[in-house]
Amino acid sequence: MGTIDAEYLHRLQADHLTRLLRVFPAVLVLGPRQTGKSTLVRKLFPTWRHLDLERPADLGLLSGDLEGFFDAYPRRVAIDEAQRLPELFTILRHIIDRAPGNGRFLLTGSASPALIGSVSESLAGRVGLLELTPFLACELAATRHAGARWFWGGLPRVHALRGVGRRGEWLDGYVSTFLERDLPSLGIRLPTPRLRLLWTMLTHVHGNLLNVSDLARSLSTLAGPVPARRIELASDRVIREKNKPSYRLNHWPIWIFVFFIAPGPMTFSLFEHGFNLRMALWMAVVLAGT
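So that you can map any letter, position 84 of the sequence shown is 85 in our numbering, and since no number is skipped, the others follow by simple counting.
Be aware that a few hints might be false.
Stated by the list, open to error - For lysine to aspartate or glutamate, the following DMTMM-like pairs were computed, each having C-alpha atoms within a straight-line distance of at most 20 angstroms:
| id | residue 1 | residue 2 |
| --- | --- | --- |
| 1 | 44 | 132 |
| 2 | 44 | 16 |
| 3 | 44 | 82 |
None of these hints come from the bench; they were simulated from the model.
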């Protein structure tokens with residue numbers, strides 16, 4: 002579930018999480034910062050033992066004697082920010098294999114190549130993956146936050162704040178943390194001012210075809226030479242999703258209008274002669290191009 006002030010909103014992924022726990026010994030909930038991963042886990046499983054590895058006390062408790070901890074707590078344990086203790090995954094493999102059983106451990110973490118790599122190597126076949134996004138439109142549709150989501154996005158904390166100024170300041174801090182801390186930890190080695198400039202440029206081309214060379218050329222003009230390859234690295238999945246089939250499907254109406262309806266002669270031909278083979282071929286070209 003997600004939280005806005007003291008108000009808890011049901012998340013669509015909640016049911017999926019409980020199903021995964023019936024199939025796998027462990028489940029890893031992935032997602033960006035502040036999407037409600039910890040809130041969802043704590044709300045669904047309040048009686049479990051919860052540890053947050055961003056707290057020095059919890060990190061010290063686990064890192065001091067991992068095997069001893071899991072000997073004392075072999076099930077119903079939820080660990081937040083699991084990527085902060087890489088050796089955790091190797092130990093969990095041993096614990097899971099020693100006493101099989103589903104629904105024993107819940108892990109949360111910010112999506113990163115290092116975390117996915119650790120899970121793939123140590124817990125393959127033993128862990129279910131669940132990606133938690135910010136609030137979807139349908140999750141807020143029946144709430145007072147439905148309209149604001151289209152402008153402010155779906156991060157729960159944004160909607161818990163009142164006033165444009167507070168929301169803007171929080172989002173600016175969120176972006177700064179992402180650019181200054183998260184991206185460098187993922188191997189993106191652009192200076193922070195250039196990353197912020199690139200971030201701004203990407204927002205202006207959102208929904209359009211990505212031309213990495215154009216971005217590199219524009220960024221070089223504004224901030225000095227930047228190789229196109231570095232732009233491609235910085236604009237890969239860590240910042241934006243590449244065109245998934247669902248994305249392309251949602252944008253078919255736009256492409257059909259631009260390439261099929263907008264050209265006047267084809268519009269008149271459509272109404273005069275109806276849909277024919279030529280129109281069908283053109284439609285196929287449009288859909289393939291998207």
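Query raised in the report: Which hints, by number, does the structure contradict?
Result: none
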